[in-house]
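Going down the list, the protein sequences come from chains A and B.
To convert, take the position in the first sequence, counting from 1, and add 55; that gives our numbering.
To convert, take the position in the second sequence, counting from 1, and add 23; that gives our numbering.
These are calculated hints, taken from the structure and not from any lab test.
Please note that the accuracy of each hint is not assured.
[Stated by the list, open to error] Where chain A lies over chain B, by a calculated footprint (3+ residues, C-beta under 8 angstroms):
(1) 88-98
(2) 107-115
[Stated by the list, open to error] Coverage of chain B stretches by chain A, computed from C-beta distances (three or more under 8 angstroms per stretch; other residues unrestricted):
(3) 50-57
(4) 72-81
Note that the Cβ used here is the ideal one computed from N, Cα and C, for glycine as well.
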Amino acid sequence: MSFINYMAREINCKLVYYGPGLCGKTTNLQYIYERTNPDAKGKMISLATETERTLFFDFLPLSLGEIRGFKTRFHLYTVPGQVFYDASRKLILKGVDGVVFVADSQEERTEANLESVENLRTNLAEQGYSLDKLPYVIQYNKRDLPNATSVEELREMLNPTNVPEFEAVARTGVGVFDTLKAVAKLVLTELKKGSGG
Amino acid sequence: MVSPQMVMYEEEFNLIQAVVDRLVRDANAKVVFIVDKNGQLIAASGDIDHVDTTSLASLTAGNIAATGGMAKVLKENEFATQFHEGEKANIHIQLVGNRVILVVIFDSRSSLGLVRLRVKKASEELNHVFESLLAKGQEPGSDSPFAEITDEDIDNLFND
Chain A
56 MSFINYMARE
66 INCKLVYYGP
76 GLCGKTTNLQ
86 YIYERTNPDA
96 KGKMISLATE
106 TERTLFFDFL
116 PLSLGEIRGF
126 KTRFHLYTVP
136 GQVFYDASRK
146 LILKGVDGVV
156 FVADSQEERT
166 EANLESVENL
176 RTNLAEQGYS
186 LDKLPYVIQY
196 NKRDLPNATS
206 VEELREMLNP
216 TNVPEFEAVA
226 RTGVGVFDTL
236 KAVAKLVLTE
246 LKKGSGG
Chain B
24 MVSPQMVMYE
34 EEFNLIQAVV
44 DRLVRDANAK
54 VVFIVDKNGQ
64 LIAASGDIDH
74 VDTTSLASLT
84 AGNIAATGGM
94 AKVLKENEFA
104 TQFHEGEKAN
114 IHIQLVGNRV
124 ILVVIFDSRS
134 SLGLVRLRVK
144 KASEELNHVF
154 ESLLAKGQEP
164 GSDSPFAEIT
174 DEDIDNLFND
């Protein structure tokens, strides 16, 4: 749910990075945080376990610039990927404006990817959202690893509706900003549509 | 879309800001702010230059969401009030109308009793304002500023 503030002339949107455990959601946010101008970002918050696994969420506020005198602000969240944190994932999806699904390209993570995308669809449906109607992009992460599945195979499994997709190596930043820009653009386009323009 | 967009207009913003400003004084608080349940900061007052309100806003919403999750497990409707006591700072969190969250940060110059008393009154006032704001958003012809933007405007945002 976007929040339009006429007083502050601001529009705020919520983006959620979803995906199986250890697929690189937090790494995406960390890279964005490192490479963003200090005046365009707030503090990044990570609620993680002692072993640096996401426990509740990561949060990064970003401002992208102005559209017609309105500052556009995006709040980026990640969910905990591990299967047993499902209750937390549901909470973080509340009020979402756009979703990035980060897939782990490694062959042995095929099942985890499928399970996670199914989980995303179910959790959204529980809140009355449909994944097919939300601004949604897919990122195939870890393309640099030798055991990566081909993009064609990943597409067939994870992207039946042909949403925008990006190959990435989040650790070095490949594809990270392309993914972010694509989903942010879809969200703004949706806002424009939603207002009947 | 399931959840309607929240739109803040000048009139309601001024009413909300007045409640928040008054609460800082009446409760002897350091900082008072209002967040929606999705973590968007709506209004803030007090010593806000020394507090990262954006971070606090998202953490507060996460906290309320988690507490709401616990309530559900226990078949409670909601735990509307939370209080965290620190060595120097204390934080009082109140759910208002199941829609927004009123947060008061205070130190030893105030007390939990005073804060609770003042929060109760402020909550009622805020509830009225948010109800009318919600009604306004559902009136026909309430245009969003985004009705006018073009694809080109959106593209320009990403040309760097």
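So, going through the hints one by one against the coordinates:
For the segment 88-98 of chain B, the proposed coverage by chain A is satisfied: 4 residues have a C-beta within less than 8 angstroms of a C-beta in that chain, meeting the threshold of three. For the segment 107-115 of chain B, the assignment as covered by chain A is violated, since 0 residues bring a beta-carbon within under 8 angstroms of that chain's beta-carbons and 3 are needed. With 0 residues having a Cβ less than 8 angstroms from any Cβ of chain A, the segment 50-57 of chain B misses the three-residue criterion, and the hint is violated. By the rule of at least three residues with a Cβ nearer than 8 angstroms to a Cβ of chain A, the coverage given for the segment 72-81 of chain B holds, with 4 such residues.
Against the hints set out earlier in the document, violations occur for numbers 2, 3.
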